[in-house]
Amino acid sequence: MRLNVPISVGGWGRFFTRWDVLAVLLILGLLVFLAEASRHLLQPLADLQRRPVSLNPANLPEYAARTTLRMLIAMALSLLFTFTYATLAAKNKYAERLLVPLLDILQSVPILGFISITVVFFMELAPGRVLGAEFAAIFAIFTSQAWNMAFSFYQSLRTVPTELVEVSQNFRLSPWMSFWRVDVPFAMPQLIWNMMLSMSGSWFFVVASEAISVGNTTITLPGVGSYIALAITQRDLAAVGYAIFTMAIVILIYDQVLFRPLVAWADRFRFEQEPGVPPPRSWMLDVLRRSRFVDRLTLPFAKLWRRLLLARWGERAEPAKRVPRPRQRAWITVQWAAVVAVLAAVALWQVAHFVTADISPGDITNVLLLGLATFSRIVVLIAVASVIWVPIGVWVGTRPHVANLVQPIAQFLAAFPANVLFPVAVSAIVVLRLDPNIWLSPLMILGTQWYILFNVVAGAAAIPAELRAVGVNFRVRGWLWWRRIALPAVLPYYVTGAITASGGSWNASIVAEVASWGDEHLRAYGLGAYIAERTDAGDFHHIVLGIAVMSFFVVLINRIFWRPLYLYAERKFRLG
Amino acid sequence: MSASTLLDIQALRQTFPRADGGELLVLDGIDLQLAQGQIVGLLGRTGSGKSTLLRSIAGLMPPSAGSITYLGQPVVAPAPGIAMVFQGFALFPWLTVLENVQLGLEALGLPDAEIRKRALAAIDLIGLDGYESAYPRELSGGMRQRVGFARALVVHPNILLMDEPFSALDVLTAETLRTDFLELWGDGKLPIKGVMLVTHNIEEAVLMCDRILLFASNPGRIIREIAVDIKRPRNRLDPQFHDLVEKIYVAMTARTPTPPVIGTTPGTVATTINTILPRVSANILSGLLETLAAPPYDGKADLPILADEQHLEVDDLFPIADALQMFHLAEIEGGDIKLTDLGRQFVDADTDGRKRLFQRQLLSYVPLSAHIRRVLQDRANHVAPRSRFFDELEDHMSTEDVEQTLRSVTAWARYAEAFAYDDDSQTFSLENPT
Numbered sequence: 005m006r007l008n009v010p011i012s013v014g015g016w017g018r019f020f021t022r023w024d025v026l027a028v029l030l031i032l033g034l035l036v037f038l039a040e041a042s043r044h045l046l047q048p049l050a051d052l053q054r055r056p057v058s059l060n061p062a063n064l065p066e067y068a069a070r071t072t073l074r075m076l077i078a079m080a081l082s083l084l085f086t087f088t089y090a091t092l093a094a095k096n097k098y099a100e101r102l103l104v105p106l107l108d109i110l111q112s113v114p115i116l117g118f119i120s121i122t123v124v125f126f127m128e129l130a131p132g133r134v135l136g137a138e139f140a141a142i143f144a145i146f147t148s149q150a151w152n153m154a155f156s157f158y159q160s161l162r163t164v165p166t167e168l169v170e171v172s173q174n175f176r177l178s179p180w181m182s183f184w185r186v187d188v189p190f191a192m193p194q195l196i197w198n199m200m201l202s203m204s205g206s207w208f209f210v211v212a213s214e215a216i217s218v219g220n221t222t223i224t225l226p227g228v229g230s231y232i233a234l235a236i237t238q239r240d241l242a243a244v245g246y247a248i249f250t251m252a253i254v255i256l257i258y259d260q261v262l263f264r265p266l267v268a269w270a271d272r273f274r275f276e277q278e279p280g281v282p283p284p285r286s287w288m289l290d291v292l293r294r295s296r297f298v299d300r301l302t303l304p305f306a307k308l309w310r311r312l313l314l315a316r317w318g319e320r321a322e323p324a325k326r327v328p329r330p331r332q333r334a335w336i337t338v339q340w341a342a343v344v345a346v347l348a349a350v351a352l353w354q355v356a357h358f359v360t361a362d363i364s365p366g367d368i369t370n371v372l373l374l375g376l377a378t379f380s381r382i383v384v385l386i387a388v389a390s391v392i393w394v395p396i397g398v399w400v401g402t403r404p405h406v407a408n409l410v411q412p413i414a415q416f417l418a419a420f421p422a423n424v425l426f427p428v429a430v431s432a433i434v435v436l437r438l439d440p441n442i443w444l445s446p447l448m449i450l451g452t453q454w455y456i457l458f459n460v461v462a463g464a465a466a467i468p469a470e471l472r473a474v475g476v477n478f479r480v481r482g483w484l485w486w487r488r489i490a491l492p493a494v495l496p497y498y499v500t501g502a503i504t505a506s507g508g509s510w511n512a513s514i515v516a517e518v519a520s521w522g523d524e525h526l527r528a529y530g531l532g533a534y535i536a537e538r539t540d541a542g543d544f545h546h547i548v549l550g551i552a553v554m555s556f557f558v559v560l561i562n563r564i565f566w567r568p569l570y571l572y573a574e575r576k577f578r579l580g
Numbered sequence: 201m202s203a204s205t206l207l208d209i210q211a212l213r214q215t216f217p218r219a220d221g222g223e224l225l226v227l228d229g230i231d232l233q234l235a236q237g238q239i240v241g242l243l244g245r246t247g248s249g250k251s252t253l254l255r256s257i258a259g260l261m262p263p264s265a266g267s268i269t270y271l272g273q274p275v276v277a278p279a280p281g282i283a284m285v286f287q288g289f290a291l292f293p294w295l296t297v298l299e300n301v302q303l304g305l306e307a308l309g310l311p312d313a314e315i316r317k318r319a320l321a322a323i324d325l326i327g328l329d330g331y332e333s334a335y336p337r338e339l340s341g342g343m344r345q346r347v348g349f350a351r352a353l354v355v356h357p358n359i360l361l362m363d364e365p366f367s368a369l370d371v372l373t374a375e376t377l378r379t380d381f382l383e384l385w386g387d388g389k390l391p392i393k394g395v396m397l398v399t400h401n402i403e404e405a406v407l408m409c410d411r412i413l414l415f416a417s418n419p420g421r422i423i424r425e426i427a428v429d430i431k432r433p434r435n436r437l438d439p440q441f442h443d444l445v446e447k448i449y450v451a452m453t454a455r456t457p458t459p460p461v462i463g464t465t466p467g468t469v470a471t472t473i474n475t476i477l478p479r480v481s482a483n484i485l486s487g488l489l490e491t492l493a494a495p496p497y498d499g500k501a502d503l504p505i506l507a508d509e510q511h512l513e514v515d516d517l518f519p520i521a522d523a524l525q526m527f528h529l530a531e532i533e534g535g536d537i538k539l540t541d542l543g544r545q546f547v548d549a550d551t552d553g554r555k556r557l558f559q560r561q562l563l564s565y566v567p568l569s570a571h572i573r574r575v576l577q578d579r580a581n582h583v584a585p586r587s588r589f590f591d592e593l594e595d596h597m598s599t600e601d602v603e604q605t606l607r608s609v610t611a612w613a614r615y616a617e618a619f620a621y622d623d624d625s626q627t628f629s630l631e632n633p634t
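Chains as they are written, first to last, in the numbering used here: chain A, 5 to 580; chain B, 201 to 634.
Only some residues are given here: those of chain B computed to face chain A with a beta carbon under 7 Å: (1) Ala258; (2) Leu260; (3) Pro278; (4) Met284; (5) Phe286; (6) Gly288; (7) Ala290; (8) Pro293; (9) Trp294; (10) Leu303; (11) Gly304; (12) Glu306; (13) Ala307.
Taking lysine to aspartate or glutamate pairs in the DMTMM-like style, the calculated list, with each CA pair at most 25 Å apart, reads: (14) B:Lys389 <-> B:Asp410; (15) B:Lys389 <-> B:Asp429; (16) A:Lys307 <-> B:Glu314; (17) A:Lys307 <-> B:Glu299; (18) A:Lys307 <-> B:Glu332; (19) A:Lys576 <-> B:Glu603; (20) B:Lys500 <-> B:Glu533; (21) A:Lys576 <-> B:Asp622; (22) A:Lys576 <-> B:Asp624; (23) B:Lys389 <-> B:Glu306; (24) B:Lys393 <-> B:Glu314; (25) A:Lys307 <-> A:Asp271; (26) B:Lys500 <-> B:Glu513; (27) B:Lys389 <-> B:Asp329; (28) A:Lys97 <-> B:Glu600; (29) A:Lys576 <-> A:Glu470; (30) A:Lys95 <-> B:Glu600; (31) A:Lys576 <-> B:Asp623; (32) A:Lys307 <-> B:Glu306; (33) A:Lys576 <-> B:Asp601; (34) A:Lys307 <-> B:Asp312; (35) A:Lys95 <-> B:Glu223; (36) A:Lys95 <-> B:Glu306; (37) A:Lys576 <-> B:Glu600; (38) B:Lys431 <-> B:Glu446; (39) B:Lys500 <-> B:Glu490; (40) A:Lys576 <-> B:Asp591.
Since the hints were derived computationally from the structure, they do not count as laboratory data.
Even for Gly, the Cβ is constructed at its ideal location relative to N, Cα and C.
Go ahead and model the full structure; you've got the sequences and the hints to work with.
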């Protein structure tokens, strides 16, 4: 199945609208607000952990369970967010204009830079401090999961076939009923696919969010992430190995017990069946479906669900739809404009106050230069990864039996949090005395390169047999074959994968540009390292500056490079 | 309005908002009544607004002006008692046959037992017994549309709206479904009181309807009402049936004065820059000209016979005939199509000769092509962006119509080598690649 493109790609030409400007302003305002609030709250929170994390492997199952629980709670919150935010954006024209750019900017905000700010904020909000740290970790995981799910759901809601919408209107389904009967089922396959991606992506942040130090406060939550952090400080390579092994097991269980069955189950919601693709299967789902016990157990829930589904909530009064009169419509517009203006003013005030307080023009230039350094790293890395994975992906994708083997492995590797491998890499750099400016860089793309691979595999597999036969028939070989057949055919898929990889790499730079092994600290010149160091120092003003500049880079690249490239590839090279 | 009137439409007008903020008139001056026990057909070409009318009746589009009254109540939102059958079936792939049929009843909030009873009865009536637990993808097209019918009938609507319900089916399946439907209707087994059927198939209209309303385009309006007084069950081979089909062909191809287009003199018949051009390729035009020139037609054919023998649907045939007439390569009169002298010249010419002749006709009779060429000639580099013409046309027609019109004129100009178009840069130019 193909990924949906993770950025907003509406329309040529307008690459930055006033709604984008407003979205940037609002997010910046919120960041500043949180940072300011947190700064005043920050006090020594020395002995947070009542029970310190230990490196005893026997504790790992418990840690893994705790980590997993955090991720599941975050996933539930992300679903809630998706169903409300994306639905509002898709159904309300006024809301849509602001909510979509807001989401687009939000997903470019580096989550890792965010954690430090939210940790302090949540810890002071919560009654018990441990609970606050838990909230902060869950929130960090949530921010790594929610945006792309909401985006996918929004895009699905926008493409529900007109006839289905008309059926639900014609048979007068209540909004509640048509949401669960029409909208959610239609969006389900794409949503589940994005949930899987979100889950994969969030492993990365789990590791980073369980053990975090802000200023002189160190917060450690029992979990796999803090276990790894401890192993790194204690230079315990064996412990790192145990952690990696545990992760692999957990990811495998997740895949087999949760996502495979979900994917197999959601196949029935596929609106268009791709011919020749066998339906996904799952042994787990088969077991659940055939078991009488499970049947009996779920029956009451199924009944309850049906009651809920048929509940006549949100019913339109008779006569149902009233078209607002011009004057009424104008009034709604005025109200809406007023709300937006107030929000914008508050955000603007926050940002202005903040900028004048502690940021000098020199700071900004410096951070922009750091951003350029990270940017050039990412450009080189994406280029290198493309040169390596595109040919391999095409080779694999055009051989179905190989693709069936490689595809799940690539997905597993994408789910695997690359930062647990950092200790291995860092010790190698230290031992071999390599330049961290160069050799730390590959860590940024370690986890995200797989998106390029499995998208290209999917694209190559989708080349129609007839087109390949033409190639054989006319003896199109070698470079000509790549230039005329393979590369154009996979381009739309490649672009989608590369956008995901590039966005992910920016985020990863915050943990990849600084790395340590025991008391050995490595640091590369770049924006990621800057944010990480400011976080350690508890310097909120400069964290916000770093985050803002990084978001700025990501949005700018998306708008002036990826979006046009995506639209071009879609228009020119989309098959069928 | 008599007591038996189910639906009463007065001076209905529907407009869509246009890109420039203006309005596009889709339906104008529609008056019609549906009486109990009647099947009324809405017959017209694509784009004549008949589907828009059906959706207005279904309450999916509130009227821009005029009124739709159903049993004395104005229709501004989906009304209970009006159910619809869709062209593309519109079944939910994630619901079984039974669940699809139950949907409308669930929305009514009926008790579970009754929902089940009524759904099973509808499934039984429509001949879907044994398919209750199947998913739509497991069914053939005909069976899927039966589910569409069962889903509509199960809510016991007073009015059944059918939007080209048989056009996505193959000929044999469509005929079976029509016959089954008419049989149930004739026996009074259907829980409905009146039917409105949208179709572009003339024979289907004559076979099924008590009254047929003929639609014309731009804006969509009723040009004629024809009562069908043939005894049921009707036979396609009946001379009376054949005569009526012929009569409708004549009515549908008769030259009606083109409605005034903004910026032109009212009442002119000629094509203007703002005319929506049919999507017909030069290949199809030559194909039909050759067919017409050859025996058995020898330059003249009866349209119903031509449609039948060449396996062309009315929706395919009429645009081709229109285009030929526009290029003055053929003439249509009294339900016949006749080759002109130029048309014969075209058939006899070789490829280059055909292209030259086609270019002359294109530039003379399709003002848009002459306009584009003139603009290109006036510009120093002989290049103009597509958007320039797109914006110009968009003031007078819907975005889809602009797309179609520009595609058509581009395709014709390419064949005629009148000017070139580069899709990468989206520009027209006078230079063909050398």
